[in-house]
Amino acid sequence: MHYKNSLLSLLIVLLVITGIIINKTTKKTTHSLIKIGILQTASHPALDAAQQGFIDAVKATLGNNVEFVINNAQGSIINAHAIAERFHADTSINGIYAIATPALQAIMAIEKEKPIFIAAVSNPAQLGAITEKTNVCGTTDMIDIPGTIAAIKQILPDITSVALIYNPSESNSVAQVTLMEKELLHHSIKSIRVGIATETEIPQAIISALSKADALLAPTDNLIASAMPIISRLAYAAHKPLIASHNEAVAQGALMARGVDYYMSGKETGAIALSVLHDGKKPYTIPIAPTRSDTIVINKPLLNKFGITIAQISDTIIFIDTNN
Amino acid sequence: MLFEWLIIQGIIERGLIFSITVMSIYITSRIIKFDDLSVEGSFGLGGALAALLLTHNIPSFVALPLVIIAGACAGLATGLLHTQLKLNNLISGIVVTTALFSINLKIAGSNMVLNNKLTLFDLIPFASSNTLKIIILFPLISALLLLITWFLNTECGFLFTAVGDNPQMLTNLGKNPTLYIIGALMLGNALTAFAGALFVHYVGYFSIWSSVGILIIALAGLIIAETIGYGFGFSLVVGAILYQAIIAATFEFNVDPEWNKLITALLIILIIACKKQFALFTKRPS
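Protein sequences, first through last, are from chains A and B. Read in my numbering, the first sequence has 95 at position 95, and its numbers run on one by one without any break. Each position in the second sequence, counted from 1, maps to that position plus 324 in my numbering.
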């Protein structure tokens, strides 16, 4: 009995090893020059866009000479570590693209040599990623909060109170919400914090927030981003504007966003990756730059529904037509 | 060859850490037959506390006992809710996990970076490099396993087993079953909190999300362990390692990432189905 059981476990271990070897040998046939491992924290439109932007930018230059190994941790830190280990161990991988903070932390803990390119990370310095000889480079998704609040004030001048919807367990959201509160106060708008910890709590929390405030404002929060469709539907039903911090949200029913365009963010990181992998620059010579965020994206049908006319604004405005 | 070894090494390291949670689940769900859902909370609690203490330069030999005590307190809370307020065992676990989420956030925030503080793995100088974490983990887990095995064979340990099988027997012996239920829960949660602390030392940061899915890791590890051997023993460690191997293998198949979870599920089914097959063969001659 025991003999057979140990045989079984041996069999499984062998299976894993053969899987690894088969995987390795089959990949040798495609002699691409550069191989990039992509470690994405979870699936939602903003992060997917960051992935697509990166791939598009790198492919535009390298064409078929680049190969991507795409893996998604599906929100699990432990999975992120398993993927990071795999990328670290695979010597044929030249660089790693980490999308969002958990992915960066997982890969950073293991990989000290290969370049790590980042996007959708708000504060890499706080994570200890910026050292003298760091192998981390890329873009952050820190938004221009004073600019956002000023734009809200211009487009929706009648607003007196705003509910800040965010997940208190995402450090980037907490940091942004604190800044937003300060800036709203500056414009003498009342702010109410609505912390939401899990996706199932969203409907109740949003309904309560909508009853207390004139508008909803969300930072670049992963939980809020994944629940954007339901949040926008509730806001629409309550006839109140929803302002997001990632531009992809507008297509999902937010009224406006003056935040990060994650596709562009991914593209910029892709350009940085090229300068490292293709032109031989060292990651620590490239400063980590915030993504440009001075464009306001507005949902045209919603704007008409609220009967808002937009006065002169210094920012560039993009209108999106959705059939909400 | 280095490539394969590095991946296998990572699997073993994580498996060793999670084997502690598997032991914890074994003690609660198999010995006292109490399905304890508070492990997700206490894993995070251990991690949060370890991160906080480490960043305040508290040495590990003080910090880790504190973590274990904190975990035991979580178990005490679950036990008291169940035995005193007569809450259903699942509910008491859920309540404690829910409450601990906020407490963990208060302790360490959503994300706490250790910033190159000396972790447990830096204690032995040559073990700090990536290659030699097993040198610390393996003896540690083995010692823990032996210690608990020894404990379960003491008189007190036998009474733990009795609580699960036949609580009436304890009453007949003049012992209070409540005490043993709470004791086992404290032991289980203390172990899980210790695993959470080890994980933080291992990865170098605390994240509130790291405890998500721990229950599944522990349960899957336990189920796999039970296809290998019976009782409390080294099979629990092998089960935890095999589950990590399954996760790693999922990524090795290199398919569309959206299929990952399905592949993990299929691999688990494969292992358990294999076991059923083996069981048939072994039963037939007798």
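Keep in mind the hints are simulated off the structure, nothing from the lab. Since the model is a prediction, treat every value here as computed from it, not as a measurement. Certain hints may be false.
With a Cα cut of at most 25 Å, we get these calculated PhoX-like pairs of lysine-lysine [stated by the list, open to error]:
| id | chain 1 | residue 1 | chain 2 | residue 2 |
| --- | --- | --- | --- | --- |
| 1 | B | 441 | A | 112 |
| 2 | A | 114 | B | 441 |
| 3 | B | 430 | A | 133 |
| 4 | A | 153 | A | 190 |
Partial chain B-side listing against chain A, Cβ under 10 Å, derived [unchecked claim]:
| id | residue |
| --- | --- |
| 5 | 334 |
| 6 | 456 |
| 7 | 458 |
| 8 | 498 |
| 9 | 534 |
| 10 | 575 |
The beta carbon of each residue, even a glycine, is placed where N, CA and C say it ideally should be.
Status of each hint after checking the structure:
1. B/441 with A/112: Roughly 17 Å separates the two Cα atoms, so the pair holds.
2. A/114 with B/441: Given pair residue 114 of chain A, residue 441 of chain B holds - Cα atoms ~23 Å apart, limit 25 Å.
3. B/430 with A/133: Given pair residue 430 of chain B, residue 133 of chain A is violated - Cα atoms ~33 Å apart, limit 25 Å.
4. A/153 with A/190: Within the cut-off at roughly 12 Å; holds.
5. 334: Residue 334 of chain B check passes; min Cβ-Cβ to chain A is 4 Å, inside 10 Å.
6. 456: violated, 14 Å
7. 458: violated, 14 Å
8. 498: Given a least distance of 39 Å, the restraint on residue 498 of chain B is violated.
9. 534: holds, 4 Å
10. 575: holds, 5 Å
Going through the hint list in order, the structure does not satisfy hints 3, 6, 7, 8.
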